[in-house]
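Residues per chain are reported as follows:
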Amino acid sequence: MNILKLLADLAAVDPDSYERISGRRGVLASLGQTGRRAVAAAVPLAFGAVLQKAYGRQSATVLDTFTLALTLEYLESEFYKQALASSMTFPGNTRSVIQLIAKHEQEHVSFLQATLTASGAVIPAKPKFDFTGSKNGTAPALYPAVFQDFGTFLKVAQLLEDTGVRAYKGQVDVLITENDLLEAALRIHAVEARHAAHIRGMRRALKANVRYWISAKDEVITTPNVTDAVYAGENIDKQLLPDLVTFFPTPTTQILTGTKEQVAISLGEAFDEPMTAAAASSIASLFIYA
Amino acid sequence: MRRRSFFQAAGATVAASTLLLAGCGDDTTVEPALPPTTLSLGKGEIGVANYAYLLEQLEAAFYQKVLDSPPSDFLAGELASFTELRDHEVIHREFFKQLLGTSAIPTLEFNFSSITFTTRAGVLAAARTFEDLGVAAYNGAGKLLSTKATLVLVGKIASVEARHAAFIRDLLQADPFADAVETTGAFAGLGRTLTPAQVIEAAAKFFPYTILVSDLPTA
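These protein sequence lines are chains A and B, in that order. Each residue of the first sequence is one higher than the one before, counting from 1 in the working numbering. Each residue of the second sequence is one higher than the one before, counting from 1 in the working numbering.
Be careful, since some hints might not be right.
Stated by the list, open to error - Straight-line distance between alpha carbons at most 20 Å, and here's what the computed EDC-like set of lysine to aspartate or glutamate pairs gives:
hint	chain 1	residue 1	chain 2	residue 2
1	B	Lys97	B	Glu78
2	B	Lys148	A	Asp243
3	A	Lys207	B	Glu78
4	B	Lys148	A	Asp64
To be verified - Simulated restraints, written as ranges between beta carbons of each label pair:
hint	chain 1	residue 1	chain 2	residue 2	range
5	A	Lys207	B	Asn111	36 to 46 Å
6	A	Thr89	B	Ala202	33 to 43 Å
7	B	Gln64	A	Thr259	11 to 21 Å
8	A	Thr138	B	Phe117	30 to 40 Å
9	A	Ser87	B	Gln198	40 to 50 Å
10	B	Pro106	A	Gln262	26 to 36 Å
11	A	Lys238	B	Phe112	50 to 60 Å
12	B	Asn111	A	Thr222	40 to 50 Å
13	A	Asn93	B	Asp73	39 to 49 Å
14	B	Thr183	A	Gln262	33 to 43 Å
Rather than coming from a laboratory, the hints here were simulated on the basis of the structure. Backbone N, C-alpha and C fix where the C-beta goes; we use that ideal spot for every residue, glycine too.
Required output: the full structure, derived from the provided sequences and hints.
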C-alpha cells in the first residue's frame, strides 16, 4: 500500500482527518513563536523540508507553483534592475521607490530559490529577458521605449505587477494544506499588490486615467491578442460563493446606492481576480527569448 | 469542514459577561441582566469569516463616518476617493454577511473616539492604521481556512486592501513600505503578517465588546 497516496486521497475527501493523521502543520509550527525567531536564519531550509514533503505526497503541483512564482519574480526583478541601470529619467522621488520595489523582487527571488534548494529541487535557470518584447530583435517590439520613456516603463511595470498579483492568487488553492508555504505566498502576494498600486499612483501623477485598484474605468493599456490577458475576466461584478450555487450579491440585493452601472464597476473593483498558471506563463513569455 | 456544513454549523455568539456565570454558586442573589460584554467569533471557518467580517465592518463604518462629516481640509478629489474606498469596504462587509448567513456576528457600533475626524491628517492616519492592519490580518488568516473556494475569495479581497493601503500611504506622502514589508532576515521582502489575536489586540479600543478569538483555528 502506498501510504502517501492514501493520505493524499484522504486529504482530498476530508482535510480534517488528514491533519489528525499526518500532523501536517509543518516544521515551523512545531517550533512555536520563540523557536521560529531563533531559527530565522534556517527558515528557508525548514520551508524546503515542507515543500519536499508536499512534493513527495502530491505530485508536482506545489513545486510547479513555486517554479512559476520564481519565473515571475525573475521577470520582475530583472525588469527593475535593467530600468535602474538605464539612462532613463525618473521624475521626483520615483527612483527611490522603484529601488525599494526592485529590492523586494530580488528578495522574493532569493526566498523562492532558498525554498526550492532546501527541498532538493533544481532551481530553474533565470531566462533571458527582452522587455521591449522584440525577442532579442527577432520580432517587432511591443514596447520599444520601455527603458527610455518613463510612461512606457510604468505601463509595462503595471502590467507585470498586476499579473503577479493575479498569478499568486491563482495558486493559493494549490497551497491550502501547506500552511507555511501558503502564508509566505500570501505575504508576497500582498507586497505585489502594494507595488502594483504604487506604480498606478505614479501613472496617476503623469495624468493617466488609472486608479490604485483595477477598475473598468481605467484607460486601456493592453493590446488585443497580445497583452489583454493581463486583465481578462478581472472586472466581474458577482462572486460565486463556496456553496457553488449562490452568487454575491444576490440579484435582488442592493448593496450600494447609485446607478446600476456604477455599482457594477464598484463590485468589479472590490475583488481582484485570480489568473491561471497558463495565462501567467503566457504573459511572462512575451518578455522571454531564451 | 465540508462545504455544506460550513453554513449549517452553529455560529458566533454574543455572550453576557462571564462574571455572571462566575457568580453562580451557593449565592442565590440574582444579578440584573447586563448588556453583552463579550463577542465570540465562533469556530472553524465560520470564526475566520466572522473575523474578516468584523474587520470589514470596522473599515466600512470608519469610511462612512468620514463621509458623513468630511474634514474641511480634504484636498480636491479626496472625497470622491474616500467614497470609492467606502463602497469597496461596504461590498466586502456585505459579502461576508451573505457568506456567513445566520452564523454572522451582529452589526457592531464601533468606538471611534480616539480618531480625529475633523482634520485630513487625523483621517489619513486612521485610514492607514485600518488598511495596514487589514492587510496583515488577511496575510495571517489565509492559512486558517480549509475550504479552497473560501480561501480564493478571501484572497480576492486581500489584495484590494493592499491597494487601499498603498493609496493611503501615497496620500500621506509616507514611506510606501515601512512597517508593511519585512526588511531583513529570512522573510525579507514578505509582507507583515499578524494573527487574529494580535489584530484584535491592536484594534481593541474600537470594539464595543471584548472580542474572543480563542475558538478560531490556529493553523
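Hint-by-hint comparison with the structure:
1. B:Lys97 with B:Glu78: Violated - the C-alpha atoms of B:Glu78 and B:Lys97 are around 28 Å apart, more than 20 Å.
2. B:Lys148 with A:Asp243: Holds: B:Lys148 and A:Asp243 sit about 11 Å apart, inside 20 Å.
3. A:Lys207 with B:Glu78: Between A:Lys207 and B:Glu78 the Cα gap is close to 16 Å, so the pair holds against 20 Å.
4. B:Lys148 with A:Asp64: Distance ~18 Å between B:Lys148 and A:Asp64 Cα, so the pair holds.
5. A:Lys207 with B:Asn111: 36 to 46 Å: Given a distance of about 41 Å, which is inside 36 to 46 Å, the answer is holds.
6. A:Thr89 with B:Ala202: 33 to 43 Å: Taking Cβ atoms as reference, A:Thr89 and B:Ala202 lie about 41 Å apart, which means the hint holds.
7. B:Gln64 with A:Thr259: 11 to 21 Å: 20 Å, holds
8. A:Thr138 with B:Phe117: 30 to 40 Å: 59 Å, violated
9. A:Ser87 with B:Gln198: 40 to 50 Å: Once the Cβ atoms are compared, 46 Å apart, the range 40 to 50 Å for B:Gln198 and A:Ser87 holds.
10. B:Pro106 with A:Gln262: 26 to 36 Å: 29 Å, holds
11. A:Lys238 with B:Phe112: 50 to 60 Å: 32 Å, violated
12. B:Asn111 with A:Thr222: 40 to 50 Å: 45 Å, holds
13. A:Asn93 with B:Asp73: 39 to 49 Å: Between A:Asn93 and B:Asp73, where Cβ atoms are some 23 Å apart, the hint is violated.
14. B:Thr183 with A:Gln262: 33 to 43 Å: 40 Å, holds
The structure fails hints 1, 8, 11 and 13 (numbered hints given earlier, in ascending order).
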